[in-house]
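Colleague: Line order of the protein sequences matches chains A and B.
Each residue of the first sequence is one higher than the one before, starting from 1 at the first, in the working numbering.
Each residue of the second sequence is one higher than the one before, starting from 605 at the first, in the working numbering.
Heads up, a few of these hints could be off.
DSSO-like, lysine-lysine: derived pairs with alpha carbons at most 27 Å apart [as the list claims (entries may be wrong)]: (1) A:LYS17 with B:LYS886; (2) B:LYS954 with B:LYS886; (3) B:LYS886 with B:LYS615; (4) B:LYS954 with B:LYS616; (5) B:LYS954 with B:LYS615; (6) A:LYS269 with B:LYS886; (7) A:LYS196 with B:LYS954; (8) A:LYS17 with A:LYS269; (9) B:LYS616 with B:LYS886.
Non-contacting residues of chain A with respect to chain B, defined by C-beta distances greater than 12 Å in every case (computed) [as the list claims (entries may be wrong)]: (10) ALA11; (11) TYR56; (12) ALA112; (13) SER117; (14) VAL181; (15) PRO183; (16) HIS279; (17) LEU329; (18) SER433; (19) LEU475; (20) PHE484; (21) VAL492; (22) SER496; (23) LEU593; (24) PHE598.
Keep in mind the hints are simulated off the structure, nothing from the lab.
Even glycine gets a Cβ: it sits at the ideal position worked out from N, Cα and C.
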Amino acid sequence: MGVFSDIWTIARWEVRKSFSTMGRNVLPVAVILFILLVATTGFVARSGMHLQDGMYTIATDDRQVADLLAADGRFTVYLGEPATILPRQSAFDLVILNRTVFVPFTERGQAAAKTLSRDYAQYVASVYNQETDLFAAYPLWIDSQYVKSELDFQATQSGQYLSVRQRSLTPPVPAGPVVQVTPPAASIPSADALRKVLQQDTGKNDQIARYTNLFTQLPSSMSTFKTPDQLTPTLPFDSIIFIFVFIFPLYFTSQFFMMSIMNERIGRKGEILLSGPVHPLAIIAGKMLPYLAGMLVTSTAVILAAHASLLILLPLLPVILFFLASALLIGMLSRSFKELSFISIFFSTVATSYLFFPSIFANVHIVSLVSPLTLIILQVQGTGFTAADYLYSTSLFYLTSGVLLYIGAVNFNAERLFDLHPFLPRLREFVGSSLSRAHPYRSLFLANVLLIPFVFMLQMMGLVLLFNLPMPLSLVLLIALAAFIEELAKSVGVYSLFAGEFSTLPLRTCVLAAAATAVGFLAGEKLFLLAMLSQITDSVFGSILFLQQGALLLWMPLLLHFAGVLIVILALRYGGRRWYLPGVLAATVVHALYNLTFILGAMR
Amino acid sequence: MNGRNSWIVAKKELAGINYEKTIVFAILLQLFVALFSSFLMVGLTSLYDPSSVSQYSRFRYSIGYSGANSSLLDRLQSSEDFIVYDMDLSPALESLKERKLAAVIYVPATAPDAQGPVQITLYTVQNDLQATVVGVKLKDVLVGYESDLRDARSARITERPIDLSFPPSAQAGGFYEFVYGLLVPLLVFMPAIISASLIIDLITEEYQNETLETLVSTPITFAEMVWGKILACEILVPVQAGVWLLLLALNGIHIGNPVPILVLVSVASLILILLSALTALKYRERTAAQFIYSTALVIVILFVVSVPDNPLNLIVRASVGNAGAEIYAAILLVTGVAALLGYATHLYAKRVGRLAQGGL
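Okay, chain A solo, but in the shape it has when bound (with noise of 0.2 Å):
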């Protein structure tokens, strides 16, 4: 009970304290801003964005041509007569003489021309709306239905495109037995209908408004019959939408958890807090608490003002974590503010790809399932998520949260909080003290599983960032990148357990080091993969990540880690620190050429 007491009454402070070093100075400023930014977003809402005004010129003979392009801020439009224009051409982008388009050979031009014909489309279509016989203006309606195959990764192994290829004149033949379909009957809405969506839709066709319905899009029987003009791709890469509305109000407030731990550090102010009989996971933990229950708070908010459901908190909680404990670290690391702010835009920036790049490809691989905003996307579509897909997309942030605000708690001590250290080393420190130095191969077994997640999410955010490469390049890339990075994450343990001592270090140690880190490596892949990967691996992007389906040949890999580390420590041993990267380049050199042996001989 003392230990939650402790916690509530730590709480309690940052939230005093919080208040009283932003109160009365900040709040009603706080306030003003807030009336300013709804009246500039009220502005905004009537001028309109002005970024991209004047990007093209266009010259026309024709004043309801004119008027028609003026309505497009894009366009700088010049009316005048042919004989004028004419000498003049090179100097538009587009010309448009007795209603022809002309297009010059240049990007811009094509360009324009797009923009153009997208304008264009967009008129005839307010045009045709007011049309009284609507099936004589809009004849074709397309009923879009979707067949069900099982996501199949023999599809995608050579290249995407491998089964729909070919190029007999025959028609295919299915291998299954075949199930009778009846033709679909006609089953079109009344056109008074119709007629109200086409019209809602030109109003809303629109860069902006495509994100900003993207909550309220109710799915009707209607909204599957769409004009040819209307059959968009339904890639959601509108998804953008989702970081700006969850994933930005909890990167703001974890800025306020890291300025609220670097405060502590700032004259050592935090030296009485850690004096107290107060254990320092209490203190983390009370320090953390009031931004989790704000964080919760904000995204509760969110979700019922854009009137979605509440289950959406299930993959935002791993996140704020997530979130939290990298800020916890960054505040215990960062020398300065200036520091801070690099570090922390470098982290969201990285952060932030991470969960938004696979979230792009929620309905068509399954490779977005890596990030839990994917699972976001997937329920406010309405497709919903399975147990198995939430324990698959968050775990990996559920467990290094852990192992972070684990690392965070071993160093929150005034040793650590307090030195000035440069950044790199500090990471070492806290690695290093993270290990025991009384019982090292024990903690280097362990610190390789729980190394783990780190290097799947890296590896995860290599095949996010290669998948979409040609097919040899991205395997070769993928390869060399999967091994680069296991070798780096193994030398870690090592590195920081034995740093300034290398060159005293046994053979003995070396050679056991290096068993104890790769036995632990592959524990913690087998352990994991066996867990909750095997989707994944099935596919030969898997297979090159997270080693061979051979898992009958446990020794193989083994043998493999182990050859790594000992090039490292070795490296270490003999060639002092400067051979460090070297090492772990070599280590991965050897790992890429195993691997790829492997993968080919699969292949084959």
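Take the given structure of chain A and dock chain B to it, following the hints.
Modeller: For chain B alone, kept in the frame of chain A given last:
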């Protein structure tokens, strides 16, 4: 006010940034984004312009066609993107499930000039990138078929739009508007935003680490110190923005008028830096200052973007080579504002300095 003293402070701050290697993070960040600009190209461009996705495949897709004959079948057969198989619906759908087809179209026997609509059914595989690409390619064919049907019913149409005729296949240029109209202004202004947040760190640090006393006891005045810090932040802007332009050029994106763009960004960022310097001098505490600054930044950017001929818009126009003298006018105007703000900052810093000397 001694310029040399300010320069000493600026050099000290730049050396500090260099010593802490924090600038490495900024560079890493740039590289991170630049390295994956290929991804940005594919991913984010499609965010902005979904129909550009179709440029990424040059394969001929197998399509199952089922139902009555129509001009759609002719159009599909003459298209270079598809191989069309005329087959029954049931085996076609089964083949689709087995991924032997990319899509199946069912067309009923409705006459082209019938009173009611022609309702066709398009089957694609759910959860597949391919379905998206096929959808984009099919759209062109279907739009053509729609115009066939419209022609057959033209007697019934009363509302007619102005008829513009386009040259065939103006396909390229999908990235253009995204890159120049959004990416370039965003990237070029990012250093300005970072620098403005940096000045808050530099100023509040002196207060919160209580190092101000030492500084004020040197011959350097408080105002000179503030200007030194502003100078250090300002120097970083054209350097970083220049690196961006260079990286973009390496990616094959050539930016017109780089010099006026860099000048405009530098002067405009001076305004941001001065504003946040004022905020920092007022609050003397990082959390509060950064909070006020970032909220105010959102307001300023929203407001600026909604004004015609704003600096961001001028950068867009200059980068595509479509800006004339107005960018120089903007530089003059922005410089004027910056000078006024600079004067205000100077007065405020002097006042704060006097109070500090008296009060410390």
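Colleague: Next step is simple, just say for each hint if it's right about the structure.
Modeller: How the hints compare with the structure:
A threshold of 27 Å between alpha carbons decides the hint, and for A:LYS17 with B:LYS886 the separation of about 19 Å falls inside it, so the pair holds. Restraint check for B:LYS954 and B:LYS886: the C-alpha separation of about 13 Å stays at or below 27 Å, so the hint holds. Of the pairs offered as hints, the one joining B:LYS886 and B:LYS615 holds, with about 24 Å between alpha carbons and a cut-off of 27 Å not exceeded. Between B:LYS954 and B:LYS616 the alpha-carbon distance is near 21 Å, which keeps this suggested pair within the 27 Å criterion.
The straight-line distance between the Cα atoms of B:LYS954 and B:LYS615 is roughly 21 Å, inside the 27 Å bound, and the hint therefore holds. Of the pairs offered as hints, the one joining A:LYS269 and B:LYS886 holds, with about 23 Å between alpha carbons and a cut-off of 27 Å not exceeded. With a C-alpha separation of about 64 Å, the suggested pairing of A:LYS196 with B:LYS954 is violated against the 27 Å cut-off. The suggested pairing of A:LYS17 with A:LYS269 holds, with an alpha-carbon distance near 13 Å, which does not exceed 27 Å.
Proximity of B:LYS616 to B:LYS886 is assessed by CA-CA distance (about 23 Å); at most 27 Å being required, the pair is judged to hold. A:ALA11, annotated as away from the interface, keeps every beta carbon of chain B farther than 12 Å; the closest lies near 18 Å. Residue-level check failed: A:TYR56 sits 7 Å from the nearest beta carbon of chain B, not beyond 12 Å. Consistency note on A:ALA112: stated as away from chain B, yet its beta-carbon is not over 12 Å from all of that chain's, at 8 Å minimum.
At roughly 6 Å from the closest C-beta of chain B, the C-beta of A:SER117 falls inside 12 Å, breaking its exclusion from the interface. With a closest Cβ-Cβ approach of about 5 Å to chain B, A:VAL181 is found to fall inside the 12 Å limit, against its non-interface label. The claim that A:PRO183 lies off the interface is violated: its Cβ sits roughly 6 Å from the closest Cβ of chain B, which falls inside the 12 Å cut-off. Separation of A:HIS279 from chain B is adequate, the least Cβ-Cβ distance of about 26 Å exceeding the 12 Å criterion.
With a cut of 12 Å on Cβ distances, A:LEU329 stays outside the contact zone with chain B, its closest approach being about 15 Å. Remark: the non-interface label on A:SER433 is consistent with the geometry, its nearest Cβ contact in chain B lying 22 Å away (cut-off 12 Å). With a least CB separation of 16 Å from chain B, A:LEU475 remains clear of the 12 Å interface cut-off, as annotated. Against chain B, the non-interface label of A:PHE484 holds: every CB pair exceeds 12 Å, the least being about 15 Å.
With 12 Å as the threshold on Cβ separation, the claim that A:VAL492 sits away from chain B holds: the shortest Cβ distance comes to roughly 18 Å. The beta carbon of A:SER496 is kept farther than 12 Å from every beta carbon of chain B, the shortest such distance being approximately 19 Å. Every C-beta of chain B lies more than 12 Å from that of A:LEU593, the closest at about 24 Å, which supports listing it as non-interface. For A:PHE598, the requirement that its beta carbon stay farther than 12 Å from each beta carbon of chain B is met, with the minimum near 27 Å.
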